[in-house]
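Those sequence lines, one after another, are chains G and F. Taking the working numbering, I'd label the letters of the first sequence as residues 1 to 192. Taking the working numbering, I'd label the letters of the second sequence as residues 1 to 175.
Everything labelled a hint here was simulated from the structure, so no lab data went into it. Glycine residues also receive a C-beta, built at the ideal position from the N, C-alpha and C atoms. There could be a bad hint or two in this list.
Counterexamples of contact, computed for chain G against chain F with all Cβ distances above 12 Å [as the list claims (entries may be wrong)]:
1) Ser76
2) Arg81
3) Thr86
4) Tyr96
5) Lys163
6) Ala179
Some but not every residue of chain F turned toward chain G, in silico, with C-beta under 7 Å [claimed, not checked]:
7) Glu52
8) Arg53
9) Glu56
Listed here are the chains, written in short residue letters.
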Amino acid sequence: MTIRDMTVSDVERLNAVTAADASFAMTEDAFRAFYDRTSRSVWGYLARLTGDPSMADDLLQDTYYRFLRAGATHESEAHRRNALFTIATNLARDAYRRRSVLPFFVTEHIEIASREDAAGRFEHRTDVGRAMRKLRPRDRAMLWLAYVEGFSHREIAQVLGMKTPSIKLLLFRARRRLAGILRAEPEQAGQS
Amino acid sequence: MKRVECAHEDDVLMYVGTGRWPDRAPAELVTHAASCAVCGDLAVVARAMDGERGAEQSSARVPSAGTVWWHAQLRARQDAAKSVGKPITFAQAALLAVCGGVAGAVFGATTGWFQRGLHATADTARSIAASVHLPQLPAATDATTFVATYGTSLAVGGIILAVGLGVVIWAFREG
Numbered sequence: 001m002t003i004r005d006m007t008v009s010d011v012e013r014l015n016a017v018t019a020a021d022a023s024f025a026m027t028e029d030a031f032r033a034f035y036d037r038t039s040r041s042v043w044g045y046l047a048r049l050t051g052d053p054s055m056a057d058d059l060l061q062d063t064y065y066r067f068l069r070a071g072a073t074h075e076s077e078a079h080r081r082n083a084l085f086t087i088a089t090n091l092a093r094d095a096y097r098r099r100s101v102l103p104f105f106v107t108e109h110i111e112i113a114s115r116e117d118a119a120g121r122f123e124h125r126t127d128v129g130r131a132m133r134k135l136r137p138r139d140r141a142m143l144w145l146a147y148v149e150g151f152s153h154r155e156i157a158q159v160l161g162m163k164t165p166s167i168k169l170l171l172f173r174a175r176r177r178l179a180g181i182l183r184a185e186p187e188q189a190g191q192s
Numbered sequence: 001m002k003r004v005e006c007a008h009e010d011d012v013l014m015y016v017g018t019g020r021w022p023d024r025a026p027a028e029l030v031t032h033a034a035s036c037a038v039c040g041d042l043a044v045v046a047r048a049m050d051g052e053r054g055a056e057q058s059s060a061r062v063p064s065a066g067t068v069w070w071h072a073q074l075r076a077r078q079d080a081a082k083s084v085g086k087p088i089t090f091a092q093a094a095l096l097a098v099c100g101g102v103a104g105a106v107f108g109a110t111t112g113w114f115q116r117g118l119h120a121t122a123d124t125a126r127s128i129a130a131s132v133h134l135p136q137l138p139a140a141t142d143a144t145t146f147v148a149t150y151g152t153s154l155a156v157g158g159i160i161l162a163v164g165l166g167v168v169i170w171a172f173r174e175g
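Pulled out of the complex, with its shape left as it was, chain G reads as follows (with noise of 0.2 Å):
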């Protein structure tokens, strides 16, 4: 197609096409290194969200997405990292309502795919795995986030969309139910 051919709509494409290829908040290279250091975790915490890897999978993508097209500028990798768990958290909870068939927490045994552990850290893992599906999805991400991101409680207030001084009490009602639960599984689970 010559400029000749094309018409208003079709230079109008164009230009909105060149525009998006500008528009995300990150260089390729820079991209590529910050979603090496952060994909993982992500991915853990949707899968551990929704007790679904397939729909974490899809999830990752779209959190990423998201997060290019935002183009907000952040401080600091600390806050970059907040953006990205806030649009996850956005992500999963959409994801629920959207499949109104399923129940308020998943409560079918869904395993998240071990290459590498032994026999007795699988075993361990799907205790822990069990008993955090006998959570809400709120208690999920709370505890996921200050126990395995190391998320302080006003960045655990920030992803949740919740006031900071509620954390606290939150937390400790999280961490009380699933210190009961795991303490009922069987001894293996949360011993080395």
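Given chain G's structure and the hints, the job is docking chain F onto it.
Below, chain F without anything else, positioned relative to chain G:
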């Protein structure tokens, strides 16, 4: 009031995080955790989650950065191409409907042939209503009075109809 925090939490977390809980942690801290609801739960949960962190690193199945980047670019271009020539938005439809309604009302009040036609239509409507015993509309002495009497209602009705049509068209196109 039940305690929800303890001054020793950070210490417990530190020993769990460095893999020293409980065997290489201070005996008094371990003894404290055995009797403290906060620290006791924290030790159990933090150890369990610590195991999850390590397992997640080794078992997470994520696509390569290049794949995700390429997919994101493709999707951005598709979204951009779709947005070009998008049908008018709801706000634009509403504005168009309001302008149309006002223009129609002004037109109706000022155009002679339109007024005559309106008068004839009103007469016909009255005679039909009379023949089928429908409630009589109050007679307007002339078209100008008719428009003055019913113009606002007609304009509002027209705007509502146009806005409704605009919403339906927008909804179908967006879907």
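Now for the hints, and whether the structure bears them out:
1. Ser76: Correct as stated: the minimum Cβ-Cβ distance to chain F is 21 Å, above 12 Å.
2. Arg81: Per Cβ check, Arg81(G) is outside 12 Å of chain F; nearest 15 Å; holds.
3. Thr86: holds (18 Å)
4. Tyr96: holds (21 Å)
5. Lys163: Fine: 15 Å to the nearest Cβ keeps Lys163(G) off the interface.
6. Ala179: violated (4 Å)
7. Glu52: It holds, given that the least Cβ distance between Glu52(F) and chain G is near 6 Å, below 7 Å.
8. Arg53: This interface hint holds because 5 Å falls under the 7 Å limit.
9. Glu56: holds (3 Å)
The structure fails hint 6 only (numbered hints given earlier).
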